[in-house]
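Take these sequences, add in the hints, and give me the full structure.
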Amino acid sequence: SSGINAEWPLRPGVKVRVRPDQLGVVTDGVKHSMNPFDENAVEEAVRMKQKKIVKEIIAVSCGPTQSQETIRTALAMGADRGIHVEVPKGTEADLQPLAVAKIFAKLIEKEQPDVVILGKQAIDDDANQTTQLLAGLVDWPQGTMASALEHSDGQLKITREIDGGLEDIKVKLPAIISADLRLNEPRYATLPNIMKAKKKKIEKLSPGDLGVDIAPRLTVKKVVDPPVRQAGDKVPDVATLLDKLKEKGHIKA
Amino acid sequence: KQWYQRRVAITAGVTAASKLGGPVHALVAGDACQEAAAAAAKIPGIEKVFVAESDSLKGQIAEAVSAVLLDVQSKNNYSHILANGTVFGKNILPRLGAKLDVAPISDIVEVKSENTFVRTIYAGNAVQTLESVDPVKLITVRGTAFEAAADEGGSAATEAVEVVVNNDKSKWLEAKLSKSDRPELASASIVISGGRGLKNGENFEMLYTLADKMGAAVGASRAAVDAGYVPSDLQVGQTGKMIAPDLYIAVGISGAIQHLAGMKDSKTIVAINKDGEAPIFQVSDYGLVDDLFKAVPEMINSIDG
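Protein sequences, first through last, are from chains A and B.
If you're matching positions, the first sequence starts at 1 in our numbering and goes up one per residue.
If you're matching positions, the second sequence starts at 1 in our numbering and goes up one per residue.
The set of hints was computed from the structure by calculation and includes no laboratory data.
On a predicted model such as this, the values are computed, not experimentally measured, just so you know.
No false leads were mixed into what you were given.
Facing chain A, a subset of chain B residues (Cβ under 8 angstroms, in silico):
#1 Ser66
#2 Phe88
#3 Lys99
#4 Ala103
#5 Ile121
#6 Ala123
#7 Ala126
#8 Gln128
#9 Thr129
#10 Ile190
#11 Met214
#12 Asp233
#13 Phe281
#14 Ser284
#15 Asp285
Derived DSSO-like pairs (lysine-lysine); straight-line CA-CA distance at most 30 angstroms:
#16 A:Lys234 to B:Lys199
#17 B:Lys294 to A:Lys248
#18 B:Lys171 to A:Lys170
#19 A:Lys89 to A:Lys200
#20 A:Lys222 to B:Lys264
#21 A:Lys222 to B:Lys267
#22 A:Lys106 to A:Lys201
#23 B:Lys176 to A:Lys49
#24 B:Lys199 to B:Lys213
#25 B:Lys176 to A:Lys51
#26 A:Lys248 to B:Lys274
#27 A:Lys157 to B:Lys169
#28 A:Lys106 to A:Lys157
Pair by pair, the computed Cβ-Cβ distance ranges are:
#29 B:Arg182 to A:Ala148: 23 to 33 angstroms
#30 B:Gly228 to A:Ser152: 25 to 35 angstroms
#31 A:Lys200 to B:Ala32: 46 to 56 angstroms
The C-beta atom is built at its ideal place from N, Cα and C for all residues, glycine as well.
Listed below in C-alpha cells is the structure:
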C-alpha cells in the first residue's frame, strides 16, 4: 500500500492579500485546491499501482472540512481510500510541517505503508520540509525532489533534481519520497471516475485520535507585503537598451 | 569543485550566523573533504571546521550526514545550526530537525534576533516574521539575502570527526551534473534567462552566445525546463533557484508570479518580449517589446566580447 499527502493551499495564480491584522494572508472566500506537487505525488502512486508495485493507495489530507475535496480529487485520480485528519476551520495556518509529519508518522504506524509520497513543497508556506521531517521521525530513507522513480526488488532508484543537475540514489523500501514537478504529468479526473470516487471511503480522524500535539512551534509575529518593485521604462530598440546598460556599467562602453 | 559552486550560499550562511553572536563553527562532510575543509578554514568568521570524511558520506546522502550532524550536536550543543537554502541544505536539515524534535525554518532572508527570523511565503508575495522557542534553531539561509563573506583572511582550526554511520537503507549512486565554464547561476552577476518564447532547446544557443559575450550565466523559466529546452538546474523561480544578480535579462519570459519569486530581487531587470502586456514588464527596469529572434542576435552583434 502507499499513502499520499494532499495539501490544501490556495489555488496557484490567486492573488495573495496580506490580512489587515498583519498576522497572515486572507484565505476566506479564496479558492483552494490540491497543491500542484501533491498532484504529482498522487499521479505517481496511481502509476505504481498500475505497475503492480503497490496494491492500495491511501490519500491523506490534513486540514479543515473542505480538504475532503482534495481527497475526493485524489480518489478520482485513482486512490482507493482516504484519510482526512481534520483541524478546526481557521486553524489550518497553525498546522506546521513538524505537526503534519508527526500525524503522518502515526498514520504510518496505523496503516503500515511501503511507500509514502508527498509533494516536495507546499506553495503557500514554501517550506519543503514535511518529507524530510517524516523520514527522520520514522527513520526511513528519503528521496526528495524526485523527478524519476524506478522500482526493482524492494528498492527504488530515485533520480533527484539537485543544485547542479541530477543525481541518482537507491533506497530500500519502506521509504518516503517527495515529488518534484517533472516526476510525471498528473492526469485529469474523468467524470466517470469522479462519480466512482464518491463511493470510496474517507476515514475521518482528529490529531487527538492519533495522540499528536499539533501546537505550532513557530509563532508568526507579522506578515507584510513585500517591497513593491516599480516598473521602469520601455526602450524603443536594442541600441537604446545597450546604451542604458553601458551607462549602468553592466557592459563595457 | 562542488564547494566552490556553493560559495555564495555557504558564505551567506556564515554572514547570517555571525549576526547571531557567538563563535561560528563549520562542518564539512563527504568522502573527499580536504579541499573544502581548507577553503572553509579561510573564511573569516569561522573559528573551527569539523571534517567528517568517510565513504559512508559519499554524495552527502541525507541519512548519513544527518547522523553525523546529530553526533556533532550532541557533543557540542549548538544554539543554531544553519545550512544553505539550496537542495543540499533543504534535503538534510529537516531530517535532523525530526531527530532533535525542533521545527526547522526554511530559507530565511533576515535575522532579527537569536530567535526571530524573516522569510517569504506564497512565492514571495508575503513576508513573514517568525519566532522560534525551540532550544536549537535549525535554519536554511537564502544565499542572495546575505552578503557573501570573504574567502580569505580566516584561519580556523580543523578537527576530524570520527564517522560511525550505519546506513544500509540508502546509497548514493551517481551525479549527472551540468558541466559548464560559465559562471554559476546562483552567484553570477549577470544572468540571461530564457522562457517558452525560445520555442526549443536549439534556440537557447543564442542565449549561450550572448552570455559568453557578457560573462553571464544562463537561466530559464519553469516552462522552458518542463518543455525540455534546458536541464532542470537552470530553473529560476519559486520552486527552482532564487537568485539576485546585478543584471537579469528575461528573454521570451512572460513573468508568472512563480518566476518573479525567483528573480525580483535582481538589481536591474531587462525584459525582451514581443507581448507588450506581459507581466514581466511590470517589474523590469528596461523593457524591450520586440521579437527576441531579432533582438538577441542584434545584441550579440553589437556587444564586443
